[in-house]
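Student: The lines below spell out each chain.
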Amino acid sequence: MDAAAASTQAGEPYAPTVAGQDEQPLFRARGLSKIYRMGEVEVHALRGVDFEVRRGEFLVLLGPSGSGKSTLLNILGGLDTPTHGSVFYRDQELSKASEGELTQYRRAHVGFVFQFYNLIPSLTARENVELVTEIATNPMEAADALRLVDMGDRLDHFPAQLSGGEQQRVAIARAIAKQPAVLLCDEPTGALDVSTGGIVLRAIDRIHRELGTAVAVITHNAVIAEMAHRVVSLSDGQVASEVVNASRRGVEELEW
Amino acid sequence: MSRNSKLFSPLFLKLVRDLWGIRSQAIAIALVIGSGIGLFFGSRATFDSLFYTRDTYYREYRFADVFASAKRAPDRLLAEIREIPGVSVAESRVVVDVTLDVPGMDAPAKGRLISVPEESRPQLNNVAVLRGRWVDSKRPDEAVVSEAFATAHGFDLGDSVYAVINGRRRSLVIVGVGQSPEYVYLISGNDLFPDVKRFGVFWVARRPLATAFDMEGGFNDLALALAPGASEQEVLTRLDEVLEPYGGFGAMGRSEQVSNWYLQNELTQLASMGRAVPTLFLLVAVFLLNVVLTRVIAVQRQQIAALKALGRTNFEIGLHYASWALVIGLTGCVFGVLFGVGITRAMLEMYRTYFSFPELHYDPALKHLWSAVLLAIAGSLAGAFNAIRSAVRLPPAQAMRPPTPPSFKRAWIGGRWLDQPSKIILRNVIRVPARTSLSVLGIAMAVAVMLVGTGMMDSIDELADVQFDLVQRQDVMVTFAEPVSSAALFELQRMPGVESVEAMRSVPVVLRAGPRSKQTALLGLPQNPRLMRAVDTSREAQPMPTHGLMLSKALASQLGVKPGDTLVAEVREGRRPHLTMTVASTIDDYMGTSAYLEIEALHRVMQEAGTLSAALLEVDTLAGEKLYRELKDAPRVAGVALRQASIDNFNTFLKDNMSGMMGINLLFAGIIAFGVVYNTARISLSERARDLASLRVLGFRKGEISYILLGEQAVLVLIALPLGLLIGRWMMAALVASMTSELYRVPFVLHGDTHVIATVTVVVAAAVSAIVVRRRLDGLDLVEVLKSRE
Chain V
537 MDAAAASTQA GEPYAPTVAG QDEQPLFRAR GLSKIYRMGE VEVHALRGVD FEVRRGEFLV
597 LLGPSGSGKS TLLNILGGLD TPTHGSVFYR DQELSKASEG ELTQYRRAHV GFVFQFYNLI
657 PSLTARENVE LVTEIATNPM EAADALRLVD MGDRLDHFPA QLSGGEQQRV AIARAIAKQP
717 AVLLCDEPTG ALDVSTGGIV LRAIDRIHRE LGTAVAVITH NAVIAEMAHR VVSLSDGQVA
777 SEVVNASRRG VEELEW
Chain P
316 MSRNSKLFSP LFLKLVRDLW GIRSQAIAIA LVIGSGIGLF FGSRATFDSL FYTRDTYYRE
376 YRFADVFASA KRAPDRLLAE IREIPGVSVA ESRVVVDVTL DVPGMDAPAK GRLISVPEES
436 RPQLNNVAVL RGRWVDSKRP DEAVVSEAFA TAHGFDLGDS VYAVINGRRR SLVIVGVGQS
496 PEYVYLISGN DLFPDVKRFG VFWVARRPLA TAFDMEGGFN DLALALAPGA SEQEVLTRLD
556 EVLEPYGGFG AMGRSEQVSN WYLQNELTQL ASMGRAVPTL FLLVAVFLLN VVLTRVIAVQ
616 RQQIAALKAL GRTNFEIGLH YASWALVIGL TGCVFGVLFG VGITRAMLEM YRTYFSFPEL
676 HYDPALKHLW SAVLLAIAGS LAGAFNAIRS AVRLPPAQAM RPPTPPSFKR AWIGGRWLDQ
736 PSKIILRNVI RVPARTSLSV LGIAMAVAVM LVGTGMMDSI DELADVQFDL VQRQDVMVTF
796 AEPVSSAALF ELQRMPGVES VEAMRSVPVV LRAGPRSKQT ALLGLPQNPR LMRAVDTSRE
856 AQPMPTHGLM LSKALASQLG VKPGDTLVAE VREGRRPHLT MTVASTIDDY MGTSAYLEIE
916 ALHRVMQEAG TLSAALLEVD TLAGEKLYRE LKDAPRVAGV ALRQASIDNF NTFLKDNMSG
976 MMGINLLFAG IIAFGVVYNT ARISLSERAR DLASLRVLGF RKGEISYILL GEQAVLVLIA
1036 LPLGLLIGRW MMAALVASMT SELYRVPFVL HGDTHVIATV TVVVAAAVSA IVVRRRLDGL
1096 DLVEVLKSRE
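If you read the protein sequences in the order shown, they are chains V and P.
All the letters of the first sequence, read from the start, carry residue numbers 537 to 792 under this note's numbering.
All the letters of the second sequence, read from the start, carry residue numbers 316 to 1105 under this note's numbering.
Next comes chain V alone, as it looks inside the complex (with noise of 0.2 Å):
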């Protein structure tokens, strides 16, 4: 690895969104496989993908169901590790971390959002939003948080008592409160309804860009992809394509 550029460009969290390739980026994939083993059966999830995510920038992960792109999203927020290859985070090798180091890593860079929000039931919006946030260094305030993904009315409700699209508000709120440097969003929109989907999109993208948080979005929403800066498509563990927008679409202009 280009140890010069490591050291130059570490320690500065929100850079601007334009992507230089010069830079040096987020994530840094080479030749990642994974093998799951299920019973007697070698599931190969992943088959040497070389892959990178730049800083500040939205990018969409699209695929069909089996095509690696849910076990890829895992390996970069440290929830899983890669069979062969390497992952670096910066220049912190992912793919060599110990299970401490990853919860360290989670902890103070990576939101998630998932496709079913995982809130916990038996806390208000702001207190899942507060368990992150009582455990992060530099948090936002959590209603502060919940205002940016217009919650700020809905502090004290519990998610039974949320919309699934509140709810998945919530969990954006909860994933963006410690101000990371990476949001990453496995179906965000999966179980929603297209307008309902409309406005978590809204809510990502505005953070994307009033934070400058680098996004990764995983999708088998092909009209998600306009939003992106880059789009890569997955397929059988491997990269299928790799296309750069020339313009994005503001979500008021997609087509669904």
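Please note that the accuracy of each hint is not assured.
[What the hints assert, rightly or not] Taking CB as the label site, the calculated pair distances span:
{"id": "1", "chain 1": "P", "residue 1": "ARG742", "chain 2": "V", "residue 2": "SER634", "range": "38 to 44 Å"}
{"id": "2", "chain 1": "P", "residue 1": "ARG1016", "chain 2": "V", "residue 2": "GLU635", "range": "35 to 41 Å"}
{"id": "3", "chain 1": "P", "residue 1": "LEU982", "chain 2": "V", "residue 2": "SER634", "range": "50 to 56 Å"}
{"id": "4", "chain 1": "V", "residue 1": "ALA696", "chain 2": "P", "residue 2": "SER339", "range": "19 to 25 Å"}
{"id": "5", "chain 1": "V", "residue 1": "SER699", "chain 2": "P", "residue 2": "LEU696", "range": "38 to 44 Å"}
{"id": "6", "chain 1": "V", "residue 1": "MET574", "chain 2": "P", "residue 2": "ASP1093", "range": "52 to 58 Å"}
{"id": "7", "chain 1": "V", "residue 1": "GLU635", "chain 2": "P", "residue 2": "VAL1079", "range": "32 to 38 Å"}
{"id": "8", "chain 1": "V", "residue 1": "ASP692", "chain 2": "P", "residue 2": "LEU982", "range": "41 to 47 Å"}
{"id": "9", "chain 1": "V", "residue 1": "SER634", "chain 2": "P", "residue 2": "LYS682", "range": "41 to 47 Å"}
{"id": "10", "chain 1": "P", "residue 1": "ARG1016", "chain 2": "V", "residue 2": "GLU637", "range": "54 to 60 Å"}
The set of hints was computed from the structure by calculation and includes no laboratory data.
Glycine is no exception: its CB is placed at the ideal position from the N, C-alpha and C atoms.
Assemble the complex: chain V is given as a structure, and chain P must be docked to it using the hints.
Tutor: Leaving out everything else, chain P in the frame of chain V:
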């Protein structure tokens, strides 16, 4: 707007709210833990109180180390006894049993008159004077009376009772009420329980007592204190040698002293109760916590994954789930300590009726509180171990995905002839064999505890039945101070209301077989006695052997002899011959360690004619009063024991106290039964809610899905019932064996209806749980359940 959410960490709030969600299960478990901790704390605190009280009392009132009695020893012998190495204090006394005529009581009572020193208080076995004053040794008629007897008769200072001494009534004026460490358990002869109305101890001046009983310049009783480090056994041997020429009855240490024996026995039982029973309860609680928390982890799989993805450490997550168990455990501990204090109070209250202490010291020690807390924490963590481990090990990436459906096996039975719902039941039971067996075991434990708790009464009843219906069939037993000639039988026969009389000869002996020996008595009875009989555990009366001895099995095993063996009986009476006798047979009986033989055979070996030590009377109850009056005044009569009084006393002491204990047992067994059944049913409901809702959508009725869920519980209960009865019988046998002592063997008896009660209680607990679960099933919100993942 902002609530106090900042005050508490979100994980703490999650803990509180989630626990609130399973509060009924949590409370059920906390109660089981509480029962265990309560019994632990209660028996420990009671043990301490009793132990401390006893030690303080023994020390302050100088309970003797060695006791001995003789027919009559001269005073000068005392100097020789003091010279025995190891003896630090030796005090002689005159102790005699007399018949008492108590104003207001028809039947005669038994009084033990104990002489007190002329100049001072007793050096050993001192008396705590609770009311009034000490005896003035110059006043021949003054007495300090044992407190229990005074209370039972409502004596005031200045009241009198009459002792029949050599056929003359002598009044004893009560000047004080006291207690002695020698008579903590106030018992006389072969009784099992203190008879406070019919046995009193009187401390009186020595000179008049000695005069009346021809003990001037002599003594018949001895109390010794040993020097530190002295060998008790050596002192006992030497003492026996010294007293032998004076009709010594055999010296004994504290461990054989009756009052102390009972006290020690009670302490031993308390200690074992403080171990075994709480362990059982805590094991059940550990099992329940394990089941419930494992289920919680399964339900919260996605939440755990999210927490991990958000950067929560394994330690934080582990601690979170450990806290679930700790909150339940410590809640149980609070219940337990409250329970325990209650149990301690109740038990000490009960001991007040059994034991005479100046005061029962009660100070629940802090160390038991800490032990209780540690026990609760250890139990909780043991119960949470599995859950914590799986929460920590849960790979977050994998937990994002819904769990794979559990794998099932085709049952080896019922493939064809069972309907679909029944197949579901069967497969669920078989799917998690470990949990199924633990649930079955848990319910079985409830049955077992129930059976043991109520079954104790069956054993006690059997003991009472055998003792009072088959063994002691006489209405009245008259014992004589000295063996009397058979002419006494005719005198008794002529007394009012006496229908028949049977003779009994009792000879104090030491039986020796090789190195082993045992102080007891040879009991001579008619070959086939009608009144006092020897009855074995199968309720058969055994005839008295005309050659050799019939030994109580307990005695035979103590001496290590079997039928055909010979032993030596060293007689401690009269000419004190040493008799070589054969063991003719043994008898498996419940009470005492007796050696029986036919009365004529006994006369033969004793070379005496027609002598008797006691007479057994069959009496027309209507004549009671007249008969008692004559007996009270009869010379040579040392004691009159009434069968009815023994029965009444037995009932008050044992049954009243037993029923209290039984109530507690019943409560605890109910808690276990309900705790186990309710929790397993709720867990099944939680696991199955989605499937059952799906079935409802497919058109199954409420009753049909209830059948699936509750049917499974029913299967568990049905397997558990017979198993529990078996375990209960086994526990009962162990308990009964542990209660075996020289004085009595507790029979192993469990009546049919006791099995029924145990079964029914657990079935009722199961039914109540079923109703609760059924109501939840009926309230199942189909849409809500199906919408939710998991």
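Student: Report the numbers of all earlier hints that the structure fails to satisfy, in ascending order.
Tutor: Violated: hints 2, 6, 7.
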